[in-house]
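Fit chain B to the supplied structure of chain A, relying on the hints for placement.
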Amino acid sequence: MSATQIAGRVAGVDAGAPIRQSSLWQDAWRRYLRNRGAVAAGILFLLIVVWCIVAPIVSPHDPNRIEFPDAYQGPSWSHPFGTDQFGRDLFTRAALGGRISIGIGFGATLAILLIGVAYGAISGFVGGKLDNALMRFLDALYGLPYLPFAILALAIIGTVNFWTMVVALSVASWFITARVVRGQIMTLKENDYVRAAYAVGVRWYMILGRHLLPNTLGVLVITIFLELPGVILGEAFLSFLGLGINPPDASWGSMAQDGRDAYRAHPHIIIIPSLAIATLVLCANFIADGLRDALDPRTKET
Amino acid sequence: MGRLLEVEDLRTHFFTRAGVVRAVDGVDFSVEKGKTLGIVGESGCGKSVTALSIMRLLPTPPARIVSGSIRFDGRELTTLSERELEDVRGREVAMVFQDPMTALNPTLTIGTQIIEVLRRHLGLDDRTARRRAAELLDEVGIPRARERLDDYPHHFSGGMRQRVVIAIAIACEPRLLIADEPTTALDVTVQAQVLDLLDDLRREHEMAMILITHNMGVVAESADDVAVMYAGQIVEQAPAHELFHRPEHPYTEALLAALPDLDDSDARSRRLTAIPGRPPDLIDPPQACRFAARCPYAGCGDSCALEPPALRELRPDHRVRTAHPASEREAVTA
Numbered sequence: 001m002s003a004t005q006i007a008g009r010v011a012g013v014d015a016g017a018p019i020r021q022s023s024l025w026q027d028a029w030r031r032y033l034r035n036r037g038a039v040a041a042g043i044l045f046l047l048i049v050v051w052c053i054v055a056p057i058v059s060p061h062d063p064n065r066i067e068f069p070d071a072y073q074g075p076s077w078s079h080p081f082g083t084d085q086f087g088r089d090l091f092t093r094a095a096l097g098g099r100i101s102i103g104i105g106f107g108a109t110l111a112i113l114l115i116g117v118a119y120g121a122i123s124g125f126v127g128g129k130l131d132n133a134l135m136r137f138l139d140a141l142y143g144l145p146y147l148p149f150a151i152l153a154l155a156i157i158g159t160v161n162f163w164t165m166v167v168a169l170s171v172a173s174w175f176i177t178a179r180v181v182r183g184q185i186m187t188l189k190e191n192d193y194v195r196a197a198y199a200v201g202v203r204w205y206m207i208l209g210r211h212l213l214p215n216t217l218g219v220l221v222i223t224i225f226l227e228l229p230g231v232i233l234g235e236a237f238l239s240f241l242g243l244g245i246n247p248p249d250a251s252w253g254s255m256a257q258d259g260r261d262a263y264r265a266h267p268h269i270i271i272i273p274s275l276a277i278a279t280l281v282l283c284a285n286f287i288a289d290g291l292r293d294a295l296d297p298r299t300k301e302t
Numbered sequence: 303m304g305r306l307l308e309v310e311d312l313r314t315h316f317f318t319r320a321g322v323v324r325a326v327d328g329v330d331f332s333v334e335k336g337k338t339l340g341i342v343g344e345s346g347c348g349k350s351v352t353a354l355s356i357m358r359l360l361p362t363p364p365a366r367i368v369s370g371s372i373r374f375d376g377r378e379l380t381t382l383s384e385r386e387l388e389d390v391r392g393r394e395v396a397m398v399f400q401d402p403m404t405a406l407n408p409t410l411t412i413g414t415q416i417i418e419v420l421r422r423h424l425g426l427d428d429r430t431a432r433r434r435a436a437e438l439l440d441e442v443g444i445p446r447a448r449e450r451l452d453d454y455p456h457h458f459s460g461g462m463r464q465r466v467v468i469a470i471a472i473a474c475e476p477r478l479l480i481a482d483e484p485t486t487a488l489d490v491t492v493q494a495q496v497l498d499l500l501d502d503l504r505r506e507h508e509m510a511m512i513l514i515t516h517n518m519g520v521v522a523e524s525a526d527d528v529a530v531m532y533a534g535q536i537v538e539q540a541p542a543h544e545l546f547h548r549p550e551h552p553y554t555e556a557l558l559a560a561l562p563d564l565d566d567s568d569a570r571s572r573r574l575t576a577i578p579g580r581p582p583d584l585i586d587p588p589q590a591c592r593f594a595a596r597c598p599y600a601g602c603g604d605s606c607a608l609e610p611p612a613l614r615e616l617r618p619d620h621r622v623r624t625a626h627p628a629s630e631r632e633a634v635t636a
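In order, the protein sequences belong to chains A and B. Position 46, counted from 1, in the first sequence is what the working numbering calls 46; the numbers after and before it change by one each time, with no gaps. Position 24, counted from 1, in the second sequence is what the working numbering calls 326; the numbers after and before it change by one each time, with no gaps.
In isolation and in its complexed conformation, chain A is listed as follows:
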């Protein structure tokens, strides 16, 4: 029930509420702002994203240009993060890799939401035998380990690029979201106002689209930041193994792979992308935590 209330708060505002009603969103926003860790994480997250977008544009260095004389430089004014074994500027290159990593992260999360919401909504809304069948199928998929599944998906697709990575990672990890949405829809379905809507002859698709799905919005917002770290780590892992993004394109995972050969002598090459991954994942977790507290009315005044 509390989940519906959370969802209610979020969706209500989304429906274009006048100022008096915005207390719903404002409430959540105020609670979020009171959580210092979450605010710091949010700011850092935004900074990283801005850096990834802006750095490659304004940087004097070409992130893919090989300059052997500059190889293995430590951090300096002209190369804040140093250079790698090919003399590429790591500050620019890490930003470029971040674009790919974060892009795949958000792309796959969005795909997870689309698949998960569609599957979960159908399962929860129709119920009965179909629900049972869909959920047992999900149970079967649930048993498959995440990364091997993604690798398998990539192998089946045959080519590896940004979009196939998005597909592979989302196909391997939409199960939790589907389950969460199904659970939400099932609880929401029991609400009196849904029955009241049926009682005045509202058609099923209007009930699903207007009375049920908007109320899952709060949970979905949280799900975005809960799924994001997993996907980003998955991408990094695959690229590190050489199964993901291929050179000369960079992702944080493939950059860490580049740094592996010389990690004793020049540890900064592996540390920079690893730190970036760790920071982003940590931020996403903090944000998810903050959102959950902010969107749950039970945590009102703590």
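For the record, the hints were derived by calculation from the structure and aren't laboratory data. Just so it is clear, CB atoms sit at the ideal spot from N, CA and C, and this is done for glycine as well. Where hints are given, some of them may not hold.
[Claimed, not checked] Chain A stretches covered by chain B per the calculated footprint, using a threshold of three residues with CB under 8 Å from any CB of chain B: (1) 93-103; (2) 197-206; (3) 210-216.
[As the list claims (entries may be wrong)] Anything over 10 Å on all C-beta distances counts as not near chain A; from chain B, calculated: (4) Glu344; (5) Thr404; (6) Glu508; (7) His516; (8) Glu544.
Just chain B now, kept in the frame of chain A:
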């Protein structure tokens, strides 16, 4: 006055793992055009299930209308497809639910929720629907109706919300309004207002109404006819005045005796009268009269302990399901 709704031998059972729950087990009644039928009974006697059966709103499975017929203005409702039902619900028959705190979607403005129905059934365009919605709110007694269309349910008090729920229910001028305990969740002070409102609306719109309640006082105030339900069956049905002054069924008598009498000066110190025992298990109801175990008149070797009494017409419009109606008892003792 013709009959608007005729329910005959309605049986709605729930098929659960523990067994078949005979929630409604052979209910007959009819509602006259423009009249109010009160259905009273204690919790779990099948009042609400009867109402939801008429609307065909029960989840199937586990619930199923096993037999019987529900005719609305000559049209059989039990065999309609879901698609056809959608056109009946809200247009011909509408329902007011018990708890106004949950019967409105908290995420939509009340305007949106009223307009949704108007557009669905009457096909009004947005502007006309909005104007009509404001008129409806005004009609159910919500001040500054036009401005309040853009408010959310949580901006309204319980009583006001119930008025909104009623506005939605009567939006398309249904011919039958089913009110399932419409005042139970409200403050006592507001209850009377809501009942008056329902009564006014019924008269103005020439609607018939089924008023479901466990409150005898509510029935006495607004019903033309009363049906008393017990354990999934109607045990007594009569015009309201007749039922309150000449109750025949021992259960009805007991219910009326259980009402506290405020004129009695000792009322405060006296314990409230209760009916001993509990209603039977509806998974395996007794073969005999379902009230026999609690009936003060059921003796040993009595016919009512062996075979279930049928609903019989004792006087015109006064039907009762017992072997010991009050009038026959008097005849015996006299």
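Do the hints match the structure? See the list:
1. 93-103: Our answer is that it is violated, as 0 residues pass the Cβ test (under 8 Å) against chain B, missing three.
2. 197-206: Three-residue rule met by the segment 197-206 of chain A, so holds; n is 8.
3. 210-216: holds (count 4)
4. Glu344: At roughly 22 Å from the nearest Cβ of chain A, Glu344 (chain B) sits farther out than 10 Å, so the non-interface label holds.
5. Thr404: violated, 4 Å
6. Glu508: Its Cβ never comes within 10 Å of chain A, the nearest being 20 Å, so this holds.
7. His516: Its Cβ never comes within 10 Å of chain A, the nearest being 18 Å, so this holds.
8. Glu544: It holds; Glu544 (chain B) is separated from chain A by about 32 Å at its closest Cβ, greater than 10 Å.
The earlier numbered hints that this structure contradicts are 1 and 5.
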